[in-house]
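Chains as they are written, first to last, in the working numbering: chain A, 8 to 249; chain B, 9 to 291.
Hints were generated in silico from the structure; no laboratory data involved.
Please note that a few of the clues may not be correct.
Which chain A residues face chain B? A few, computed with CB under 10 Å, are given here [what the hints assert, rightly or not]:
(1) G66
(2) C81
(3) C158
This one's a predicted model, so the numbers in the text were calculated from it and none came from an experiment.
We put the beta carbon where it would ideally sit given N, CA and C, even for glycine.
The chain contents come next:
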Amino acid sequence: MSIELSSEFVWMPVALAEDLAAGRVMRAVINADSVMDLAIWRSQSGKVHAWDNRCPHRGMRLSFGFVRGERLSCIYHGWQYGEGGACQHIPAHPDMKPPASICARTFDCKEDDGLIWVSPGSESKSDFPMHGGEAIRSISINASVPDIRSCFSILPFPLDVSDNGDETYQVIENSNSCIIIEGSSSHQTRKLIGWFLAVDSIKTMVHLQTSPTASTELKILLSRWAERLRWSAENLGKSAVA
Amino acid sequence: MSRSEAAVNEWYPVAIDELLALGDVQSVTLMEQPLSVIRRENGSVHVQKADGGDCPVCVAYGHVWSSCGKPDHGIFDVPEAAEPGRRMVDCGAVRVKASPLRVVENFLDIAHFPFVHTDILGAEPHTEVEPYKVEIRDTADEVWATKVRFFQPQAAKSADEGQMTDYMYRVPAPCVSILYKTCPPRPGAWDVIALFVRPINEELCDAYAWMALYDDDSAQSDLIQFQQMIFLQDRSVLENQIPRLLPLDPKMEIPTRADTTSVAYRRWLKRRGMTYGAQLVAK
Numbered sequence: 008m009s010i011e012l013s014s015e016f017v018w019m020p021v022a023l024a025e026d027l028a029a030g031r032v033m034r035a036v037i038n039a040d041s042v043m044d045l046a047i048w049r050s051q052s053g054k055v056h057a058w059d060n061r062c063p064h065r066g067m068r069l070s071f072g073f074v075r076g077e078r079l080s081c082i083y084h085g086w087q088y089g090e091g092g093a094c095q096h097i098p099a100h101p102d103m104k105p106p107a108s109i110c111a112r113t114f115d116c117k118e119d120d121g122l123i124w125v126s127p128g129s130e131s132k133s134d135f136p137m138h139g140g141e142a143i144r145s146i147s148i149n150a151s152v153p154d155i156r157s158c159f160s161i162l163p164f165p166l167d168v169s170d171n172g173d174e175t176y177q178v179i180e181n182s183n184s185c186i187i188i189e190g191s192s193s194h195q196t197r198k199l200i201g202w203f204l205a206v207d208s209i210k211t212m213v214h215l216q217t218s219p220t221a222s223t224e225l226k227i228l229l230s231r232w233a234e235r236l237r238w239s240a241e242n243l244g245k246s247a248v249a
Numbered sequence: 009m010s011r012s013e014a015a016v017n018e019w020y021p022v023a024i025d026e027l028l029a030l031g032d033v034q035s036v037t038l039m040e041q042p043l044s045v046i047r048r049e050n051g052s053v054h055v056q057k058a059d060g061g062d063c064p065v066c067v068a069y070g071h072v073w074s075s076c077g078k079p080d081h082g083i084f085d086v087p088e089a090a091e092p093g094r095r096m097v098d099c100g101a102v103r104v105k106a107s108p109l110r111v112v113e114n115f116l117d118i119a120h121f122p123f124v125h126t127d128i129l130g131a132e133p134h135t136e137v138e139p140y141k142v143e144i145r146d147t148a149d150e151v152w153a154t155k156v157r158f159f160q161p162q163a164a165k166s167a168d169e170g171q172m173t174d175y176m177y178r179v180p181a182p183c184v185s186i187l188y189k190t191c192p193p194r195p196g197a198w199d200v201i202a203l204f205v206r207p208i209n210e211e212l213c214d215a216y217a218w219m220a221l222y223d224d225d226s227a228q229s230d231l232i233q234f235q236q237m238i239f240l241q242d243r244s245v246l247e248n249q250i251p252r253l254l255p256l257d258p259k260m261e262i263p264t265r266a267d268t269t270s271v272a273y274r275r276w277l278k279r280r281g282m283t284y285g286a287q288l289v290a291k
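Next up, chain A with everything else stripped away, as it sits in the complex (with noise of 0.2 Å):
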């Protein structure tokens, strides 16, 4: 099986779930076949949403916005959008009903496996591509996807605190969008699962998640491996001696 993010490929990863706490927004930008502004937040009962960024009344970023209650409330004057995208309140007219036709655009947007998963068409919905997987983190990388898998398939990661050099490695998925690595040793076994979504043709945020479950150290230990990755795509074909 090949995993491919785009349009027929409906759940993309926009975000690590534990960086978007309760009646907090961000802005996501996904590159499939074009290129979608998102505004990511949640409500203050704790659920996700994936809104077209972009308020309806003067099109500013809801990014830049605030959330109240279930409500995310648009920085510039103040509009605030409810479920299913409506508008609920204007604040320059209190008393006056908002008519349905004031709509935010949304998505549709879950959580699972320690990431925030939206789905940008409208067709209907294939299963998630879960490999019970834990998130790590998101990082956004200075260099284009195929850069970054090149480094991601040859850079061995830890599979527990003190590994004792036995591990092999084997790549059990490879496409443009996701790696998948199975490390093994002795005593241990474990995936590292790589998302990739191209913001540009020099830009792309890598969510990464893990099985099974790690500890905090490793989990320390598997970001720092992050960053390493980050500094290889970057630094691919510069001089190793600079």
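Let chain A serve as the given structure and place chain B on it in line with the hints.
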């Protein structure tokens, strides 16, 4: 370039008069054209294109004005500039990565005060915009909004406490907006705050603020700093509106009654054929 013909034949600010010293040559870009603004040793001001051709010049309201085309009219009149007792303040220029028309439209808007200029020009729960009057004055072909009222925690540098502030807005040219607001030390008079915008290209501009105030107490630096603080708050919004061009297609962005001035401004731009910095059809 026929698309922007109406824009070419307008006056735009190209320099701050006081900052153009004898013998100075300043390079600016106006609608993608590089220009030189020159003050000769005899004090005269000239604006030249790259090929050496002369552009029209006019010095008014603290700024040097010019045009890439041939304006068939003089620069708009600001009668308050001639009133004795007013203090003229040049606030400098701020570069904004947005359409000049978006910048002017934002200047005409009061509903954003509680959210963008929180606790200064507005504060919750005082968010309501009462009905006001908007007209296009045909003789002068200007957009005017009058009887605008809004609650302000600190309306001006000279204001100590919250008050209902009266406003009038005037658009005498596509890239110029002038606002008149209650003057705290002098009830019955209006402070004048103007925004002069120079399009560098359709999605980039320099915005100059100029004020004619009744305020002999505040330090000059405080007046400028207050205005710059306000405008930099606006810039964070202006650089994050999608699209950067101002949509003139009414289906593209949804207004409410509080946006009556903006609706009139967009219609007026369309009627004049002023489409430089505008998006005519939604993409």
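Structure-based check of each hint:
no., hint, verdict
1, G66, "holds (4 Å)"
2, C81, "holds (8 Å)"
3, C158, "violated (33 Å)"
Hint 3 from the earlier list is the only one contradicted by this structure; the remaining hints agree with it.
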